[in-house]
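Trainee: Fit chain B to the known structure of chain A by using the hints.
The lines below spell out each chain.
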Amino acid sequence: MVTLRLVNISKKAGQRQILKNVSLEVTDKELFAIAGPPGAGKTTLLKIIAGLVPPDEGEVYIGDQMVNTVPPGDREVGMVFEVPPIYPNRTGFQNIAFPLEIKKIDGDEIRERVEEVAKLLQITHLLERKPATYSGGELQRVALARVLVRKPRMLLLDEPLKNLDAKIRETTRVELKRLQRESGITMVFSTHDQVEATAVGDRIGVINEGVIEQIGAPEELYSFPKSVFVGRFIGSPTMNLAECAVKQLDDRWVLEALGFNLDMTTRAYEIKSEAMTQELLLGLRPEDIILLDSPENSGCFEGRVELTQNFGDERVVTIRVGEVSLNCLTGKERVFRYDQKVYVKFKEEKVHVFLRDTGMALGRSTN
Amino acid sequence: MPKLVVKNLRKLFGTFEAVKDVGFQVEEKETLCLLGPSGCGKTTTLRIIAGLEVPTSGEILVDGVLVNDVPPQKRQIGLVFQDYAIFPHLSVFENIAYGLRVRKMPEAQLRTKVHDTASLIGVDNILDVPGKKLGLSEMQRVAIGRSIALDPKLLLLDEPLSNIDAKAREKMRAELGKLQKEIGIATVYVTHDQLEAMTLADRIAVMRDGLIEQIGTTSQIYDSPRTLFVANFIGSPSMNLIDCELVQNEERAILKSRDFALDITELAERVRGESKARELILGIRPEDVSVDVRKTDPEAMQSEVQLVEPIGARSIYHLKIGRLTVLAKVYAMPELEVGSKVWISFNKEKLHLFDKKTQEAIL
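Those protein sequences? They're chains A and B, same order as listed.
The opening position of the first sequence corresponds to residue 1 in the working numbering, with each subsequent residue numbered one higher.
The opening position of the second sequence corresponds to residue 1 in the working numbering, with each subsequent residue numbered one higher.
Okay, chain A solo, but in the shape it has when bound (with noise of 0.2 Å):
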């Protein structure tokens, strides 16, 4: 069982707080994703999780031990960096044979294992090539073999797929997602790139600023976002924000937004009454606004085409609506205008609903 658990971590560089109270917990064979901008304190948070870093606060456990005071080396754990060091001058069996060969490892055992490696990651080939050699793909593959080699408890990729090509980005992600499954190792990767994110990891821990500000699976995340934050970093188009506010007409909850009145009874209990005397921030998924080329007796408003984005499957089609744009999501069957009318209406059951101030969800999170 290799389980990773930080309780309070906090790290100050000179008067920056990089880190703030982080805490998480990794399971056995689980692939987690370190989630936020760049300057979040991903990186940081790696290093102390390697030992590379001390933290100011807080305690590391890797199973039941508090890894603390244990050296990088002694931890089991392997980090592969964003900009990996390989030497140009050694082939790639060299590369990958040299963390053996340090720890004095008999040359029959090291060859078996730097093929086994070379086999699960599929670089058989390259074992006699040198570096320079090598695609950007390749040295990342390279240089993941040559940690992995060391059978480290636990791996550590800080922004593998920030160097590639969108294509090969692409492809790489899914390998990356492979080779945990069939090594069964225990992995923690960071990523600015929230579709990375949720593709790859089983869970993913969202931080900004410093701040964990909500762990999940990509599906809880997307669906309940605890906060505005999450709400537009997870998804793409971003969340949709409008200004609105509730009010209570007679036995009927209503939210206000847009000029345009939203019936929220069925979903009163989310909604607190001190809701009522709060700024509020109402957040739409592109996907669920709804286009429509004629008005409908009720519930929708008026609309006019500012942008229209062709994603080959997909079309974002941003409306003007008063002061706000929306972006929304539609098929590729339908064709707008620049400058075209159309009215537009929400999946009621889906919107979201922040404090202003806070920024936090009220209610529609799963706990």
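Derived lysine-lysine pairs resembling DSSO-like cross-links, with alpha carbons at most 30 Å apart: (1) 119(A) with 356(B); (2) 171(B) with 332(A); (3) 350(A) with 171(B); (4) 345(A) with 167(B); (5) 162(A) with 167(B); (6) 47(A) with 162(A); (7) 332(A) with 178(B); (8) 320(B) with 177(A); (9) 29(A) with 119(A); (10) 320(B) with 167(A); (11) 133(B) with 12(A); (12) 167(A) with 357(B); (13) 167(A) with 256(B); (14) 178(B) with 167(A); (15) 341(A) with 167(B); (16) 130(A) with 151(A); (17) 181(B) with 167(A); (18) 348(B) with 332(A); (19) 341(B) with 119(A); (20) 153(B) with 181(B); (21) 7(B) with 74(B).
Simulated from the structure, these hints should not be mistaken for lab results.
Mentor: Leaving out everything else, chain B in the frame of chain A:
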């Protein structure tokens, strides 16, 4: 008259032929995107248009005038670089005014021009802010503003979004799209990112190894790729490409692959050329593969879920048929678990066929 004509462009670096025979036109107000992987010749082509590289042969015409021998600064072409090259110590006003001052435009006229430009690109409220205090999106606007203040006939953008993180890029892409509409200047845009190309370009020229493989609108390129390379390069995740052969008798036409057979009799007469006994590649986009837990389509093939990638409201399933992996994109959150047995079928109307030898589409 087209704003830009590029004819039979060739460029050799030593013995390496970076651009082989490139030709295209850009109409007034049009945005043309040069799209391709690194090393395809797109940036070299852009630099030749700007006058920063001399072509080995070929012609560049701006507004119908041959500019091969015109120095870059006299071509009336605005070039926006990847890093925007904003002067950090100069205000937004002075950044936009920079080129006008170099041209010694009279002060009164210059002020009007800068203000007009600033309001067009939406930075008229931050004219006093120094370059170093600008956010990414403002820097992008100012960089474009500095170019268009000179009233260029043509705007060239070299990978303007490539150094920006994924989330910010999404926003900048949309902003750039709106800005383009407002500016209305003919533009050539270079990128390796297909999403940028698809969303920003009126037409895309897909390049590979110094040649244009296909030129067309996003829909043309996406729905009717002319070559295997274009089919594979455009779309995320990539189109499924499966080796097969066509077996035809009087009655039926069957596509046979190692792992399955597919009756395409109803499509057979649309297949171009002599297709018998040729090695073919079947192409089907992940969104044109449907997945069902029950066998509702009699032709459905049984498969097993190997891997699931949840991406927001969509799911990408990696499905195993025999030794083959097929990707399916479903517009719903993941409902099927790894190991589930499912039935998959291909939307035959959306099937692509390529000749393996020529790499060209035949359906």
